[in-house]
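Enquirer: For reference, the chains in residue letters:
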Amino acid sequence: MSEGTIEPIVEEIESIVGSENVSLSKIIRLSYSEDASPFHARIPGLIVRPAETLEVSQILRLANEYLVPVVPAGGRSGICGACLPRVPNAIVLDLTRMDNIVEVDEDSQTVTVQAGLRWAELIYKLSKLGYKVGFRGPFGGNAGTVGGSLSSNSVGCGSAKWGSSGDSVVSLEVVLPTGEILRTGSGWNPLAKKFARYATFNDLTGLFIGDHGILGVKTEATLKIYPLPEGRVFGDFGFNSVEAASKAMYEIQKRKLAEELVLMADRHTVSSYALQLAEKYPEVESVLAVIIEEASEEIAEAKKKLVERIVRECGGFFIGTFFSRLHWGEMFNVVQPLFEEGYWYNTCHLRPITMFPELVRKAHEIFKKYGVDKDPEITWVASALGIDRCHCTGWITLFLKNPEKKHILEKTWSDLRKVIIETGGVPYWAGLLWEEYVLPRVHYGFFDLLKKIKRTLDPNNILHPLVFGL
Amino acid sequence: MARVEFSNVKKFEEFLYLCGKCGDCSLAVKIATSKSPLSHPCAVKNVLGYEAYDARGRIIIIKNLLNGKLEVNDEILEWAYTCTTCGACRETCLAVEGGIDTPSIMEALRRDLVSQGFRIEKHLSILENIKKLDNPYGEPKEERLSFLGDELSNIPEKAEIAYFIGCTSSYRTKEIALAAVKLLKQLGVEFTVLRDETCCGSILLRYGYVDEARSQAERLVKRFNEMGVKTVIFTCPGCYRTFKKDYPEILGRELGFETLHLVEFLDNYLKDKNVAFEAKKSEVVTYHDPCHLGRHLNVYEAPRNIIRLVNGLTLVEMETIKNFAHCCGAGGGVKSTFPDLALKVARNRISEALETGAKILLSACPFCKLNLKQAANNGIRILDVAELLAETYVGEVVEVAPKVVEVVEVTPGMKLMDYLNEHVEIFKGLRMGCKFNYEIVDWKTQEPKLKFYVTVLESGEKPKIKISKGVADNPDVTIIISEPAAEKLVECKERSEYAELFGNFFNEPTDEEYIDVILHRSTKELMKMGYGEFAREAGLI
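So the protein lines, in turn, are chains A and B.
For the first sequence, our numbering assigns the number 1302 to the initial residue and increments by one for each residue that follows.
For the second sequence, our numbering assigns the number 655 to the initial residue and increments by one for each residue that follows.
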């Protein structure tokens, strides 16, 4: 691990990015010691706000020379603590100044953006040009950046059709820990456009997706774009069990019919979002919200008919369009109103849709074990989001209203995470949320290769030390 | 290093805990994703760049002050005064009803700092000026009204309406006060001004000097009460907010008179008068919402309504407006404490105004005008709404009876307005104060053909409502109805039929008949306000 001190290089960094973009102030450093997770970081030693790839490269070269750790950070809206420094005196690179659209290439239907661009801003700017991205960003996409999502494998809006954040990427520009600048995909050829991910050599793009910023600093990403849809339909469907709702979710996803699929797993969750709806349909245990977006209204309507047939066959029924319209119309704003229930503790992970009901059953057992099911000061939301083929997120989020009950919450939260791993779940990100649960189980060969790659690319262990235990 | 008791900040501990640290307070852009005119709401963070200056960072820092991991020093003291308390973060925040009130938390922190002797040198001289000269600018108090010249003798010493000029317009933006006086006279409004007007104490409150502000408040309220004043009109939203929101709180009693900003007074006053305003040449203008008038007091439509009264002007809106408008940078004591920062913030707002193509940037605040003008550097004309109206006033127009009786086409929107007025049971279940917009749109182009809004005055089985044309200030929801759908809704015999049809148009829209709803509050808040009953009956939820 690197162990140098920061002071000798402050002036040099100021000459790279300008003194107004470098801060040693204690309160400024402190404000970067938390993200949207409940975890706390070591207070950074220096905050630097670069604007260009070359600046990042120069900073990393200096950090290597002086053996100072560097932690890249985006909008810091992540909920696993991925961007929190684990070692003292790190330089935090606040990349939110790098927020430009570099190029919209209509020939190859791609957009190249700087990594610090927020998803909501990207959507806005693209919509003015008549385009959309497939994966729209995590549910925290107001503040979440493209680079931050790619570094943490985030999933979210649009994932049912378009997969996780990394699936949208054609090419990346990455500054390696030692300062070299790499362009992946067809970008290896300086004369070629960045239009293809799988081209000529290995998929080096994938090496950096989900790396939590330990193998390089992403400075630009080229993403696929699509014309804005002409057909958009919504549907909310009620089911009397999570099994029936999951079956419908699976069948819809198998046929790739929806842009977005959200499953509210239990009555507790449905009531949290809308008590009125839960009262109106006392028999409804789960609600599946379906959003379909297509190039034309005819295609969207045809897909809707298929969805309705599947729902009927699975025992569900139409209950309106409010949830799905609210979910889509209030993109990136659906989680925040839940903060009123208390501070949030997450268990975000992936699992096959068919294994989702098992998780919900086990979660209810855990809630019962600790009395959470009867405690109004600790509440939960259990939901799933369709991802890519036939897997989904398992989102059991706990909300702690009364901080004095943290000990109960901690036990519940810990049991949930253990059960998730034991039942074949895999977190999409690791961070401080998951490392102690996943690292002991990583296959030796997998971890050994990861270590070798890290050592090769980052010989001085400059970038985000201690993440993944490295 | 000193130990500080944070008794005022501690009142907000629950909210500090509930902040989910999502980062929306400075990084969000909601224009395409939720149809809100919101983009990077924290005007100060947009300039200073670092997390410490937005609400999330401020809350992290304050939590560290409370738990003793951070101690008060000069750096903290300065940082505490870098917030304009504009409230854009609060409007953006969805964590609690109304948003986490970071401006009030920052003001609480300032009160705690001041009460324990942590004071900024510059503030002390301003405090001294107010004590000795009754104004923060250090200007002679006897010259306060001198800008009115002979005009003062034409203003009666007593009247039911008083115009409170404020320190900034008395000494720095006299043209606004002159315009307001001229305009009120042109319109035949009988009003008075306080011959011994003093500072309202707004700046003292923003700095955290509550006791000193209280004595200002006591004196002024007593004076207006003695004079028998029924309405006080302001051109300064800072003074207006102080009278309307702060005085009742720090004095612990009602004022005994009504308070209005000039734009509200005029919006109401001119409604049933035939007064013409004519611009010398056709011009595109835009309007900057002052934070103390908009976010702090919910006045958004009145200034726009009166700007639209001026013939020849086209009002275009900036990217961020109304409750999401960027601050000009002058408020919360920032202009006097960090003038360079205030100017940098204002330059960003000027850029937004220039992007609209407008030649005139209007506002309704002397403090905004002062700061924006310094930042604009002649790139765009900065004008107060009072000046605009005084400048374009033509006079009362005598109506000539039309020779041919014009047949006014009754549109589906007008039919729906009448229908709702007659079928108030539709609004059963809504709490008093609920406010929501209707936009009746051309089904094909989706262009609004009529905009109106409903205000619930009294709840009940047959609630008392008011339907007004235009757009509500800070509405709860906006209901968009296509004209063919409106035509069918007005055929409904009773609430249940109306609700069912409403639900059908929402859930099963066709090309021609559709309803859409834009929520301006979280569903949780809306349920608490009583919207759930109709939504449930209509099958929306």
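Simulated from the structure, these hints should not be mistaken for laboratory data.
In this text, a Cβ means the ideal position worked out from N, Cα and C, and glycines have one as well.
Do not rely on the hints blindly, as some may be mistaken.
According to the in silico footprint, chain B covers these stretches of chain A (three or more CB under 8 angstroms from chain B) [said to hold, decoys possible]:
1) 1312 to 1325
2) 1357 to 1371
3) 1405 to 1418
4) 1507 to 1516
5) 1634 to 1643
Enquirer: Run every hint past the structure and note whether it holds.
Expert: These are the hints, each one checked on the structure:
| no. | hint | in the structure |
| --- | --- | --- |
| 1 | 1312 to 1325 | holds (count 3) |
| 2 | 1357 to 1371 | violated (count 0) |
| 3 | 1405 to 1418 | violated (count 0) |
| 4 | 1507 to 1516 | violated (count 0) |
| 5 | 1634 to 1643 | holds (count 7) |
Checked against the numbered hints above, the structure breaks hints 2, 3, 4 and satisfies the rest.
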